[in-house]
Amino acid sequence: MRQLAGKIGEGLKNSLPSAVNSLLVPLLAVLTAVVLGGIVIALAGGNPFLAYVGLFQGAFGNARAISETAIWATPYIFAGLAVALAFKGGLFNIGAEGQLAFGAVVSALIGYALPGWLGFDLPAIIHIPFAILCGGLTGALWAAIPGFLKAYTGGHEVINTIMMNYIALNLTSFLLNGPMKDPNPNNVIARTPVIAESARLAPLFEGYRIHWGFLLALLVAFLVWVLLWKTTLGFEIRTVGANPDAARYAGINVKRTIVLTMALSGLLAGMAGTIEVTALNHRHELGFSIGYGFDAIAIALLGKTHPLGVVIAAILFGAMRNGATRMQFLTQIPVDVISVIQALILLFVAADAIIRYIYRIRAASERVVLTRGWGG
Amino acid sequence: MKKLYAVVAILVLAAMLIPACTPTAPDCTLPEVFCVGMVTDVGKIDDKSFNQSAWEGLQAAREAGVADWVQYIETTDAKDYDKNIQTFADAGYDVIVTVGFALGEATYAAAAAYPEIYFIGIDQFQEWPYDDDPSNDLANFTSLNFPEDQAGFLVGALAAMMSDTGTIGAVCGTDAVPPVWRFGEGYRAGATYINPDINVLVVYHSDVGFDKTFTDPEWGAATAGSMIDQGADVIFGAGGKTGNGAVIEAAARGVYAIGVDTDQYYTLPEAASMMLSSAMKLITPGVAELISLARDAQNGGAAFPAGNYNGQAGYAPYHDLEDMVPQDVKDRMEEINAMLLSGELQTGVPPVKP
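Chain order of the listed sequences is Z and A. Offset between the first sequence (1-based) and this note's numbering: plus 52. Offset between the second sequence (1-based) and this note's numbering: plus 1056.
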């Protein structure tokens, strides 16, 4: 069987252009995870073929399915870019979840309360960008704190971003249950009032929920690529990520770069939350976004921390989450199976030696710098 | 390595055989096939609460032969409510059940878009969206609500029979929310029905805003504590986390605790050992009954009860305290329950606070 797998690996490697070759391992990781996932589905009592047909139909089967996949992919793109950007700077931002939640809370607040504070209605052309900006900046500030602690005290960002997650999620819970709760007497759940019409990002097409936020996400992905590879700041971020000591000798302000990298990462994560509020849910509700920030880590890894890779990985994850409804509908398999497949993909991407062994691929000469580990 | 391949091969073979056992869905678009779908809120299907009770209602409808096929979709994210409802609608389902207040808006919108499908919303309240104008009610959408006063009456009677001190307490959310007020006053009425001289302490957390009244477990615990200090030996908690705080405090102080809505023996494990019962909304029979009414309506029978539908109240099993409750109390409870159901006994609690 491994000989067959090895042939698949060889064949793919020879037939693909070199740019795609670097995506070979993620591609094979997805394939392997899907096969193993099929076995899991069968053991759970479902028909794996029907399940995957359902998954595909649900994700891409018709115009509405594609629209829903794009909706799912949108926050994944933003959050995946957030984690990938931090990776490029040698930082592991596990706090995207908290930054995202705060971004959502603040943009919801701006969305529903600002006209009341001002005493007049804002035009959409101002209200929408302002809500998105405020949400993004909140995420940036929230991420800059662990960035600052890392740069000036050496406090490890992994620990600090996790801790900041707890603070953010519990504070959000307090706000949504308390001062920001939808005051309607019938309302029994933790959610804000709906945001004003003027703060809502419009759908792209009548009758579909796909919205401008998806195009914004693609644009932002392009901008992140420009930032990282075409600007001085991007060069500094990548240099600090690759080797902070060399960066310091080269005259780069390492501390400032670390804080800035985290802030930019938080900005992107905050926008993930803000887009969900302004374009889709039109309010913030507790229980939304269970784990976008964590899926984002998998997406950044799967996308090899490259913006284009992140977009593709985000669409893949979005498709799986979206298609899961139809899969569940057709086969009665618990939706949690999708989480298992995602975890398998992540496992194979992270431990790519397994994939290289199965498919007999030699390690690429280029090295992807992720983080510098606990000692850094 | 060869062994590993053998294992994998066996697994794959097993994988191909197992699916043969699972039933496949009939074509729900056919008029003679009656299909019922259910969309959960972001809780799981086996939450031991509203989702699970509602799903049991669907299964009961299928076992009774009312529904030919039942199916659920678990929602993982609030943004999928619309899509999940639509998945059933597209597949030609005849009835769609949505569980919980959070799905109210999505259900109302879907009911307006699919007038030929019946929608049953659980605890989504009348007069949607938020108005008193019945002309906004849709003919194919009903909200399953419950007579909270009867549930309160049942546990009030139980509390009065189980009390040694002659003092019992209830810690509630704000009385400005009619269901909460009905729970509290039902409790008072039930206790007084058993023992006209009983000292019933009913306290509403009306001194704070809506933002706080249901989410104040500290106040709930403190209030329950002061009731226990005044001699109360049974505490009923009704009002979200505020009520839960009271129930947990009661159990911690070693007095009987009574939960609300669903069987809180399962949802408040820290209070389970002293959980006497819970004032329950009987979701399972209510859902099954509405499905049956929807089928009748589709077959040209009586019109679907659009707007609001009153389900039944009940009380939860005694669980760990089974041996502590005397047989005559158990018998009396069943008798009162039957009388409330038949209408022979009225709680005397008006629908809204006068």
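Since the hints were derived computationally from the structure, they do not count as laboratory data. Ideal Cβ positions, reconstructed from N, Cα and C, are used throughout, including at glycine. Watch out, some of these pointers could steer you wrong.
Examples of chain Z residues toward chain A, derived with CB under 8 Å [unchecked claim]:
id: 1; residue: Thr283
id: 2; residue: Thr284
id: 3; residue: Leu285
As a list, the in silico DMTMM-like pairs of lysine to aspartate or glutamate whose alpha-carbon atoms are at most 20 Å apart [to be verified]:
id: 4; chain 1: A; residue 1: Lys1100; chain 2: A; residue 2: Asp1384
id: 5; chain 1: A; residue 1: Lys1297; chain 2: A; residue 2: Asp1103
id: 6; chain 1: A; residue 1: Lys1135; chain 2: Z; residue 2: Glu258
id: 7; chain 1: A; residue 1: Lys1135; chain 2: Z; residue 2: Asp388
id: 8; chain 1: A; residue 1: Lys1104; chain 2: A; residue 2: Asp1253
id: 9; chain 1: A; residue 1: Lys1135; chain 2: A; residue 2: Glu1112
id: 10; chain 1: A; residue 1: Lys1135; chain 2: Z; residue 2: Asp234
id: 11; chain 1: A; residue 1: Lys1135; chain 2: Z; residue 2: Glu249
id: 12; chain 1: A; residue 1: Lys1104; chain 2: Z; residue 2: Asp234
Restraint ranges, calculated between C-beta atoms of paired labels, are given here [stated by the list, open to error]:
id: 13; chain 1: Z; residue 1: Gln109; chain 2: A; residue 2: Asp1102; range: 53 to 59 Å
id: 14; chain 1: Z; residue 1: Ala115; chain 2: A; residue 2: Asn1366; range: 52 to 58 Å
id: 15; chain 1: Z; residue 1: Asn114; chain 2: A; residue 2: Asn1366; range: 19 to 25 Å
id: 16; chain 1: A; residue 1: Ala1358; chain 2: Z; residue 2: Ile214; range: 25 to 31 Å
id: 17; chain 1: A; residue 1: Pro1325; chain 2: Z; residue 2: Arg414; range: 53 to 59 Å
id: 18; chain 1: A; residue 1: Asp1083; chain 2: Z; residue 2: Leu267; range: 49 to 55 Å
id: 19; chain 1: A; residue 1: Asn1192; chain 2: Z; residue 2: Leu271; range: 50 to 56 Å
id: 20; chain 1: Z; residue 1: Glu249; chain 2: A; residue 2: Met1380; range: 55 to 61 Å
id: 21; chain 1: Z; residue 1: Pro231; chain 2: A; residue 2: Gly1310; range: 32 to 38 Å
Hint by hint, here is what the structure shows:
Of the supplied interface hints, the one on Z:Thr283 is violated, with its beta-carbon coming no nearer than about 34 Å to a beta-carbon of chain A, more than 8 Å. For the restraint placing Z:Thr284 at the interface with chain A, the shortest Cβ-Cβ distance is roughly 39 Å, beyond the 8 Å limit, so the hint is violated. For Z:Leu285, the shortest C-beta to C-beta distance to chain A is roughly 34 Å, which exceeds 8 Å, and the interface hint is violated. For the hint linking A:Lys1100 to A:Asp1384, the alpha-carbon distance of about 38 Å lies beyond 20 Å, and the restraint is violated.
Of the pairs offered as hints, the one joining A:Lys1297 and A:Asp1103 holds, with about 17 Å between alpha carbons and a cut-off of 20 Å not exceeded. For the hint linking A:Lys1135 to Z:Glu258, the alpha-carbon distance of about 18 Å falls within 20 Å, and the restraint holds. For the given pair, A:Lys1135 sits about 17 Å from Z:Asp388 by alpha-carbon distance, which is consistent with the 20 Å threshold. About 37 Å separates the Cα atoms of A:Lys1104 and A:Asp1253, which puts this hinted pair outside 20 Å; it is violated.
Between the alpha carbons of A:Lys1135 and A:Glu1112 the distance comes to roughly 25 Å, so the proposed pair goes past 20 Å and is violated. The suggested pairing of A:Lys1135 with Z:Asp234 holds, with an alpha-carbon distance near 18 Å, which does not exceed 20 Å. Under the criterion of a C-alpha separation no larger than 20 Å, the hint pairing A:Lys1135 with Z:Glu249 is consistent with the structure, at around 18 Å. A distance of roughly 27 Å separates the Cα atoms of A:Lys1104 and Z:Asp234; the hinted pair therefore is violated under the 20 Å criterion.
Checked against the hint of 53 to 59 Å, the C-beta distance between Z:Gln109 and A:Asp1102 comes to roughly 27 Å, which is inconsistent with it. Z:Ala115 and A:Asn1366 have their C-beta atoms about 42 Å apart, which leaves the hinted 52 to 58 Å range violated. A hinted range of 19 to 25 Å is violated for the C-beta pair Z:Asn114 and A:Asn1366, which are about 40 Å apart. As the Cβ distance of A:Ala1358 to Z:Ile214 is approximately 58 Å, the hint placing it in 25 to 31 Å is violated.
A C-beta distance of roughly 54 Å is found between A:Pro1325 and Z:Arg414, which places it inside the suggested range of 53 to 59 Å. One distance hint, 49 to 55 Å for the beta-carbon pair A:Asp1083 and Z:Leu267, is violated here, with the actual separation near 39 Å. In this structure the supplied range 50 to 56 Å is violated for A:Asn1192 paired with Z:Leu271, their Cβ-Cβ distance being about 41 Å. Range check, Z:Glu249 to A:Met1380: Cβ separation about 58 Å, and the 55 to 61 Å hint holds.
For Z:Pro231 and A:Gly1310, the hinted distance range of 32 to 38 Å is satisfied, since their beta carbons lie about 36 Å from each other.
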